[in-house]
Amino acid sequence: MHALELQDITVSSAASSTPIIDNFSLQVEAGECVVLCGESGCGKTTITRVINGLVPEFYDTLALSGDVKHFGNSIKEQTISDVAKNVGSVFQNPKSQFFNLDTSNELIFGCENLNLDREEILKRAEQTIAGLNLKNLVNRNIFELSGGEKQRIACGSIISMRPKILLLDEPTANLDYESIEILKEMLLNLKSLGYTIVLSEHRLYWLEDLADRFIYLQSGKQLGTYTFNELYHKSEQELSEMGLRSMNVAALFENLNWITERKRWELCKLNDKKNTQKSLEITLEDVSVAYQNTPVFQLPKLSFSGGSIIGIVGENGAGKTTFINTLLGFMKHQGTIRENQTVLKKKALNKGGFMVMQDVNQQLFSNTLMNEVLLGTDASKEQAQELLEKLGLASLEERHPASLSGGEKQRVAVASALLSNKRMIVFDEPTSGLDRKSLEQFCAEIKELSSPDNLIFIVTHDIEVIFQLVDFILPCSKYKE
Amino acid sequence: MIRERKPVLYFKKDSFIDISPITKIIIFILSSIIMIRSGSLLGEWIVGSIAALFLLNAKAWGWSYKFALLFFGTLLLEEIAKLTGTEQTFSLFFVVCNVVRIFLPTIAMYYILAEKTTASEYLAVFKKLHIPDAFAVSFVVMLRFIPTLREHLQNIRKALVFRNIRIGPMYFMKHPIISIERLIVPMLISSGKVMEELSAAAMTRGLDVGRKRTTIVKFQLHPADFLLIIVGILTMVYLEGGF
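Line by line, the protein sequences give chains Z and C.
With my numbering, letter number 256 in the first sequence gets 256, and the count goes up by one each step, no holes.
With my numbering, letter number 80 in the second sequence gets 1080, and the count goes up by one each step, no holes.
Take these hints with a grain of salt, some might be off.
Claimed, not checked - Calculated pairs, EDC-like style, for lysine to aspartate or glutamate (alpha carbon to alpha carbon, straight line, at most 16 Å):
1) Z:K69 <-> Z:D8
2) Z:K332 <-> Z:D286
3) C:K1212 <-> Z:D82
4) Z:K95 <-> C:E1151
No wet-lab data here; the hints were simulated from the structure.
The model shown is predicted, which means the values in this text are computed figures rather than measured ones.
Model the full structure from these sequences, guided by the hints.
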């Protein structure tokens, strides 16, 4: 008997004639770890939703044919909450999968739903905390945890329910390198305890030793099965054609560590970019920021010249966000920030800067794309049209911004920044959850935008973006006396 | 050998005396009514003291300090002005103080309900009172959603600053409809996605309407609860009676 069996799964939606998943079958043995991979839209997330029963019960616009069996039992007669006893699901976004404000209640939330005894719940919680090493996360406010810590609590809450199959949908999309390592440790541990694990992922490099098989999907069809080594030995060219992200990033990490070694809050050069005309220079002199009387950083001197793309890196809590907020005029700071010779105060910084947020939906305000890019600028309609043309958005002028795709929304935000003549443009984690193609496209677009009149800052955990795009790295680190 | 201590899980917020959510809700309602309707000095002192005690009990030090300073400080100032006969000179100031003071206990009690009471406590009360799941579940999700909304609102206001729009109190008074539109539209779109993901996650954790569910926190009323409710009701009856 297989732990998990998918038989001739086809998922289709009324909106399109081609099915999202086309005749997909899969057998997973108990204790095995299987990874679903492929570019965005290949159907890997949909398959995870078929496995936990969300398709078709929750996403009811989709039609499902074929059968799913967990340990021989078909899920056809079960509700999603019945399936939950066997299959534990961890989702991509750490922010939207918890229901309590504190970790302790969250860890037992699933058990409460299973209507277990009080004593049993407490026993299980204790075992989960010991087993997954969550001791320093109990009794904490969830909103104050980092993405990685939230993801571990989500796993903990699931493990307390004692499912037999663990299903993770892009669990690392929002995590930094260290959090991924910790998550990997945890999953290795669970695998050795006999859990069956199914993952869908873009980033594949961290799955060494963990994954037994990689199922490669394209447009809802299964095109091949690989082991880690088989993928690892493919050339970058081959991986790029398959739409898969780099397998060998260890060298990149080493390189990054070498470049930033012992350097903190100093610019590290990555690319030799010839910059002849110097029309813009932002200089920070003796800038220091404290948060609730604890210093976050103290910078003797830091200067950025126009046309550079700067990657801001560092672990959670290193002060990346505080640094960006200072540059954009949202933090009280000591010292001076200068643009060429002019000293910029908070309001001037607000005016000269722009941030493309992680959730772009939060910065789209108007009913059409044209109105959107013109909001708050003095630019003319002709200028706007010219820019939209350049960004490949010309045909979408009259569309509602909310109806665009994620990448298009990002470009709309950039367009409004350029039209209002912003000098500092900050991207906050722009590539979380992107596949290879979108990532490469993003890098190309940003390079195109970079000009001697602007500075582009990219706050990122993504090692591939750093080496493809960035000219300088600013390594941030927690302040130490 | 040093034995490692097992972590103790707290399912309630840290406080000196355990007060049931139902008592908090009753006091929240009573104190709001008393503050809006009575205008009596005695009423203000009682309600203010109860709210301050709640904050202290919940170990919300910063809040207790600010609340006590603002509430009792302005009350004292008013008394001093009455004694020295300078009441008329500062009348406008005292009118503003009065308006602020009316809402202070309500805000303080709301804070206690939203941030110092856990979802488990509410679920235990709802179960005891046989309130339907459909309400209980949505209530708990709403409670969890408040900090998310606050976060979104902060981001949206920031995004507006980049577009040279600052929605402060003055802007809001001048252009109320535009302000609401600028804040609400992005809020709805970004929250909608979170809501969908949250509901999907809830179902895969076995949360379902009409299913039996354990509550880890037991519902209990202590003498302190009865005392608070009685004081609240007596104050209300006394002041409304117009003695």
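For the pair we were handed, K332 of chain Z and D286 of chain Z, check the Cα-Cα distance against 16 Å. holds, 14 Å
Task: Restraint status (C-alpha distance of K69 of chain Z to D8 of chain Z at most 16 Å) - done: holds, 12 Å
Quiz item: Does K1212 of chain C pair with D82 of chain Z here, judged by a C-alpha cut-off of 16 Å?
Solution: holds, 13 Å
Within a Cα-Cα threshold of 16 Å, do K95 of chain Z and E1151 of chain C meet the stated pairing?
-> Holds: K95 of chain Z and E1151 of chain C sit about 11 Å apart, inside 16 Å.
In summary, this structure violates none of the numbered hints.
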